[in-house]
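Those protein sequences? They're chains A and B, same order as listed.
Number 185 in the UniProt record's numbering belongs to position 185 of the first sequence; there are no gaps in the numbering.
Number 132 in the UniProt record's numbering belongs to position 132 of the second sequence; there are no gaps in the numbering.
Quick caveat, the hints were computed from the structure, so don't treat them as lab data.
Possibly wrong hints are sitting among the right ones.
Since the list gives no way to pick one copy over another, a pair counts as held whenever it fits inside one copy or between any two copies.
[What the hints assert, rightly or not] Calculated pairs, DSS-like style, for lysine-lysine (alpha carbon to alpha carbon, straight line, at most 30 angstroms):
1. 38 / 269
2. 249 / 269
3. 269 / 106
4. 180 / 106
5. 159 / 329
6. 2 / 159
7. 221 / 269
2 protein chains.
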Amino acid sequence: MKNDRFLRACRREPVDVTPVWFMRQAGRSQAEYREIRKQYTLIEITHNPELCAEVTILPVKQYDVDAAILFSDIMVPIAPIGLPFDIRAGGPVIETPIRSKADVDKLHDFDMEQDLPYVIQTIQILSKELHVPLIGFSGAPFTLASYMIEGGPSRNHLKTKTMMYEHPDIWFALMDRLEKTIITYLEGQVNAGADALQIFDSWVGALSPFDYETYVLPTMKRIIQGISHLAVPNIHFGVGTGELLPLMKQAGSDVLGVDWRVPLADARKRAGHDVALQGNLDPATLLGPWQEIERRTRVIIDQGIQQPGFIFNLGHGVYPETNGEILRKLAHFVHEYSSNKVRQ
Amino acid sequence: MKNDRFLRACRREPVDVTPVWFMRQAGRSQAEYREIRKQYTLIEITHNPELCAEVTILPVKQYDVDAAILFSDIMVPIAPIGLPFDIRAGGPVIETPIRSKADVDKLHDFDMEQDLPYVIQTIQILSKELHVPLIGFSGAPFTLASYMIEGGPSRNHLKTKTMMYEHPDIWFALMDRLEKTIITYLEGQVNAGADALQIFDSWVGALSPFDYETYVLPTMKRIIQGISHLAVPNIHFGVGTGELLPLMKQAGSDVLGVDWRVPLADARKRAGHDVALQGNLDPATLLGPWQEIERRTRVIIDQGIQQPGFIFNLGHGVYPETNGEILRKLAHFVHEYSSNKVRQ
């Protein structure tokens, strides 16, 4: 691997410049991807190792980012354990959501080689072709459980929360099942060649700290413990989770991902200094003029590089409306602006 | 007025027990309201002073809460200034959203007596009938602007944010127009008899502190300055705004409303001790068992009453699925549990 500054930052080691990558860097913001999507659905791409590797590599070539992330969807391991889903315009839709203990008991064990051989093959191709680290990933238990219980995206997660409060036995049975699935899925990706892992908890910001600590943290701790023997860095990311940072820190990941709502200096105060941070430009900013993007990026880098262990990213995924040229320019700016500033 | 403990808490004066009311306490969680809605739309109710007063009073009688809030919708003053809207299942829909400076310039001046005489009449009825304070309210400029620009509810507020970044001239022209409208609307409610005011910024938690300070705070400051001569307390409420509390504090309101994501003790640290707090039970908790509601309520009250100036509320509006009996029980519990604890 030629460029390991992303991995060094994950480990809070000195870097030459601030590493940068973008959540959802492969996707509809790229003309080439939109062309491919005229012929293939998202799920068809993930089933096709050559094509999936191509889509994964594209933004690395075009934007000169310091990491690739496997092109996939957080729902991918959910179908093999027994909950088939469709990806529609508004997000994934599950026809038979989890409603009872029996529904949880019916879920299958997850087997990486049997269930997702094409993911293994994709990662194997990428390991040979990439000159930057490959990030494997999984959805986090709360976010996956919310899709599985609500049957799709939800604004208020009412069914999910009600299950937590009314039926903690069903909730924790589902958490246990997801814990095993997620650990096996992440292990499988590292065994195939992934150099780092990110766990996406996109919806967990809907919970109070009280509920996070009670219903989610124990499972997150066991997952991060369960992947610690893999010896690759892991990133724990959430949206709207500024208030949860002290608890997420307890879960034990190497890097905490933060969104644009919390200034990095505050995130550092809450998370402590013995964890790296990743973030946190509002991806909506990328739809505005370059001057506004640059102003905000300077503030983020100035705060981020106050100590080793900082990765520049967005606070959430790239919006489809984003111009890819802006992403290229931003990655370049992050490298250039930080080059004279980072602590060696 | 027999019961003024809500107003005393707003002013950080000693109270006998912690005052409590619930955002959206009048609404679909009440069987009587659901009956009324079989005959009248929400907008028809707001146009009918006798009926609207009845709906406003109902939860005060049933739940024994310490304040009434005018039954209305944050969009009510938007139609008179020139943007007609429909209330549909997913929220308000505006047929001709704001897209240009010309669209802003076309907006009319707002005149309370001419435009909303039925709101004045409703408040006049309520002033006579209520034995608790009546809270008048308005949407805040960002939240109203988001509806006006997006044309309805939005997950990511992309059109709104893009207008802020690309066309600050249009954005600030709209902010100025909303500032005048909101001040006039709130004045009109107090002149008719409202005893307190709440400004709802339901969506502003989507902004980074950087953007809040640049695009929203100046207008919020002028609004709160503009209603200060009215000599009634005002509450500034947002959802997901824990990170914005230090800035919202600068806007100058008497009370800051906080949602369930931020523990009250943290909110106090960020907002300072010279402002009252209102909140912050997750309304989803009300769909769970009483034991869980009570556990969380104790924690909130224990933190809230550490100093004068605390009003118990939810962190957002009551969900329609909520059992009214639970709201009654909760109001009673807040009074009982706090009675031996509050500082005299």
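Structure-based check of each hint:
| no. | hint | in the structure |
| --- | --- | --- |
| 1 | 38 / 269 | neither (46 angstroms within a copy, 52 angstroms between copies) |
| 2 | 249 / 269 | both (11 angstroms within a copy, 21 angstroms between copies) |
| 3 | 269 / 106 | neither (43 angstroms within a copy, 47 angstroms between copies) |
| 4 | 180 / 106 | within (15 angstroms within a copy, 59 angstroms between copies) |
| 5 | 159 / 329 | between (42 angstroms within a copy, 23 angstroms between copies) |
| 6 | 2 / 159 | neither (47 angstroms within a copy, 40 angstroms between copies) |
| 7 | 221 / 269 | both (21 angstroms within a copy, 28 angstroms between copies) |
Taken one by one, the earlier hints fail for this structure at numbers 1, 3, 6, listed in ascending order.
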